[in-house]
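J.: Below, each chain spelled out in residue letters.
2 protein chains.
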Amino acid sequence: MATNSSNGANGAGNKGSKFDPNFTKAVIDLMSPETTPRNREILSSLIQHLHDFCRDVELTQDEWVVGVNYVNAIGQAYQKNRNEAWRVCDILGVESLVDEINHKVVIDHLEGLPPTSSTILGPFWSSETPFRELGGSVIQDMPPDGQKTFFHGVIRDVDTGKGIPDAVFDMWQASTNGKYDTFDPENQSRHNLRGKFRTDEQGRFYLYCLKPTEYAIDTSGPSADLLSMMGRHPYRPGHIHIMVTHPDYVGVTAQLYPDDDQYLKTDTACAVKEDLVLHFIPVKDEKNGATLDVEYDIRLASKKYKPDSTMLMENANQNKFKL
Amino acid sequence: MATNSSNGANGAGNKGSKFDPNFTKAVIDLMSPETTPRNREILSSLIQHLHDFCRDVELTQDEWVVGVNYVNAIGQAYQKNRNEAWRVCDILGVESLVDEINHKVVIDHLEGLPPTSSTILGPFWSSETPFRELGGSVIQDMPPDGQKTFFHGVIRDVDTGKGIPDAVFDMWQASTNGKYDTFDPENQSRHNLRGKFRTDEQGRFYLYCLKPTEYAIDTSGPSADLLSMMGRHPYRPGHIHIMVTHPDYVGVTAQLYPDDDQYLKTDTACAVKEDLVLHFIPVKDEKNGATLDVEYDIRLASKKYKPDSTMLMENANQNKFKL
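Residue numbers (the UniProt record's numbering), protein chains in the order written: chain A, 1 to 323; chain B, 1 to 323.
Take these hints with a grain of salt, some might be off.
Each pair may be met inside one copy or between any two copies, as identical chains are not told apart.
[Stated by the list, open to error] Straight line, CA to CA, 25 Å or less: simulated DSS-like cross-link-like pairs of lysine-lysine:
#, residue 1, residue 2
1, K265, K18
2, K18, K303
3, K179, K162
4, K104, K25
5, K25, K265
6, K179, K306
7, K179, K80
8, K265, K304
9, K304, K25
10, K306, K265
11, K162, K80
12, K196, K303
13, K306, K287
14, K18, K304
15, K265, K80
16, K25, K306
17, K162, K104
18, K284, K25
19, K18, K306
Everything labelled a hint here was simulated from the structure, so no lab data went into it. Computed from a prediction, not measured in an experiment: that's the story for all the values here.
Generate coordinates for the entire structure from the input sequences, incorporating the hints supplied.
T.: Next up, the structure:
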């Protein structure tokens with residue numbers, strides 16, 4: 001398919017390479033005319049980048065075999081509640097990047113702040129989380145070291161700054177042991193630390209939850225080997241997951257992080273963004289016993305800016321994604 | 001870790017992107033100072049190319065989840081004699097490219113032809129292949145549709161053109177059913193269609209083998225799904241594997257293909273190179289009953305051109321490659 005008679009020739013995108021400048025195009029051109037345009041676009045780019053990577057670092061055969069073994073090991077570590085390829089993507093920043101690619105709302109000539117940033121959904125969202133009354137608590141099972149927090153804010157229109165009534169504020173968080181309800185039946189009842197709230201006429205939401213605490217991802221298996229190779233720790237900063245939706249607005253899925261968390265700049269899932277931080281203030285004699293108060297407003301963009309916006313959970317039937 | 005306040009800014013290597021231009025560097029910079037220089041080089045390039053791929057095609061979340069599931073499926077399909085990640089690499093041209101990167105011998109100002117091209121080793125080489133006498137046959141079990149071939153040539157010094165005595169010419173091939181001896185115990189005895197030969201004083205090798213015939217790689221599993229998505233067939237052109245070694249020369253591992261094979265330009269493993277083709281000539285009344293004759297000379301470069309050359313089989317203890 002390729003020639004070896006072109007030593008020293010330069011191919012586009014492969015400048016000055018001593019390797020066959022026609023090889024990558026030859027592999028891409030093996031695709032038949034029947035390949036769908038989108039598959040062709042994705043696979044052409046994948047092949048080009050994969051080959052450029054090999055050439056850029058002049059990958060040795062030993063290193064390539066390490067890579068082959070590593071890819072096999074990812075799938076071998078897969079279990080029902082352990083999606084190893086997903087974890088590896090998180091560590092390499094891919095889930096976070098794909099989230100940005102799909103959910104960034106760019107508004108030209110906006111006065112004031114942009115819409116609240118999106119960040120990764122993670123694997124722990126539940127479609128069955130119950131609605132709770134405004135001012136209610138998601139803490140069904142209080143851990144001994146938990147810090148009860150009054151969490152409140154306004155969901156605002158990014159253009160007008162006005163509150164958005166009837167928006168749905170869905171939140172979930174791990175307990176202080178780093179586990180979510182469904183993975184911790186010994187300590188947590190179902191829907192512990194989860195709740196959906198509907199904003200009032202002023203667009204306000206308010207509830208009681210825990211100050212979120214950091215936890216490590218599972219440190220066995222190939223994802224942990226990758227962290228180790230890079231000298232990185234396995235910790236995620238504490239975070240409260242939120243998913244905010246309204247029929248007339250582009251929804252946002254994000255995570256909110258305490259501004260004093262030690263892992264804010266080195267999140268193992270590369271999912272922290274500057275505008276997603278919370279400042280917790282100690283309070284005394286709060287009427288429901290909270291020891292911390294945190295206020296955070298969310299800014300949503302009208303759907304006119306992104307009419308085709310969808311959220312991952314709307315398509316969360318994994319079966320349809322299978323090849 | 002990254003900011004979302006830089007809409008429209010341009011990062012190096014990410015020109016004109018509407019996405020955060022600092023994100024990829026931030027992920028790369030998570031590596032600790034203790035990361036070895038080579039790991040840092042490889043992982044930095046891997047992260048850069050992976051991110052550029054996602055941005056270039058603006059990968060959707062659905063497509064990303066297809067990719068996550070696909071990577072998991074590769075390892076799940078792994079079995080003792082089925083290295084699925086290796087196969088996927090072959091289909092994408094990666095093994096062939098890595099082979100070129102590692103084995104290309106570039107000689108400036110060479111008069112005449114360059115050294116014989118290298119191509120992929122494949123998974124069927126055996127360290128236990130026996131030496132046979134020059135003029136012997138590797139056909140222990142003749143298939144009914146086999147075509148006995150007299151295969152001969154000279155292993156030459158690429159500079160002088162002179163024959164190289166005492167070079168080892170190791171060859172192996174599948175039978176006409178597409179299977180190698182160890183994977184076909186019902187039809188083939190051990191070492192069938194394999195042999196090592198030592199060149200004579202004139203550098204000649206000569207032996208009897210089969211004309212190689214095309215075969216399909218296993219068409220179940222993720223590698224076949226990838227072929228299907230690209231509209232590609234699963235066939236490899238017929239080929240004779242060779243591995244030629246001599247203490248004073250850069251060895252070569254290659255595959256030789258009949259010039260009339262229908263899959264020469266569309267090899268599923270992307271491993272054909274222009275100088276690796278054989279022209280078979282019909283013969284009559286050959287003294288040992290061959291019906292075809294093929295001549296092929298091999299050109300080796302002195303080790304002075306590549307003193308650090310090694311061959312994959314010298315390191316073929318897979319355990320040491322594990323992470």
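J.: None of the hints should be skipped; say for each whether it holds.
T.: Here's how the hints hold up against the structure:
no.: 1; hint: K265 x K18; result: between (40 Å within a copy, 23 Å between copies)
no.: 2; hint: K18 x K303; result: between (51 Å within a copy, 19 Å between copies)
no.: 3; hint: K179 x K162; result: neither (36 Å within a copy, 72 Å between copies)
no.: 4; hint: K104 x K25; result: between (32 Å within a copy, 19 Å between copies)
no.: 5; hint: K25 x K265; result: between (40 Å within a copy, 13 Å between copies)
no.: 6; hint: K179 x K306; result: neither (35 Å within a copy, 55 Å between copies)
no.: 7; hint: K179 x K80; result: within (17 Å within a copy, 36 Å between copies)
no.: 8; hint: K265 x K304; result: neither (34 Å within a copy, 50 Å between copies)
no.: 9; hint: K304 x K25; result: neither (40 Å within a copy, 33 Å between copies)
no.: 10; hint: K306 x K265; result: neither (30 Å within a copy, 45 Å between copies)
no.: 11; hint: K162 x K80; result: neither (44 Å within a copy, 62 Å between copies)
no.: 12; hint: K196 x K303; result: within (22 Å within a copy, 71 Å between copies)
no.: 13; hint: K306 x K287; result: neither (42 Å within a copy, 79 Å between copies)
no.: 14; hint: K18 x K304; result: between (51 Å within a copy, 19 Å between copies)
no.: 15; hint: K265 x K80; result: neither (31 Å within a copy, 42 Å between copies)
no.: 16; hint: K25 x K306; result: neither (36 Å within a copy, 28 Å between copies)
no.: 17; hint: K162 x K104; result: within (21 Å within a copy, 66 Å between copies)
no.: 18; hint: K284 x K25; result: neither (68 Å within a copy, 43 Å between copies)
no.: 19; hint: K18 x K306; result: between (46 Å within a copy, 15 Å between copies)
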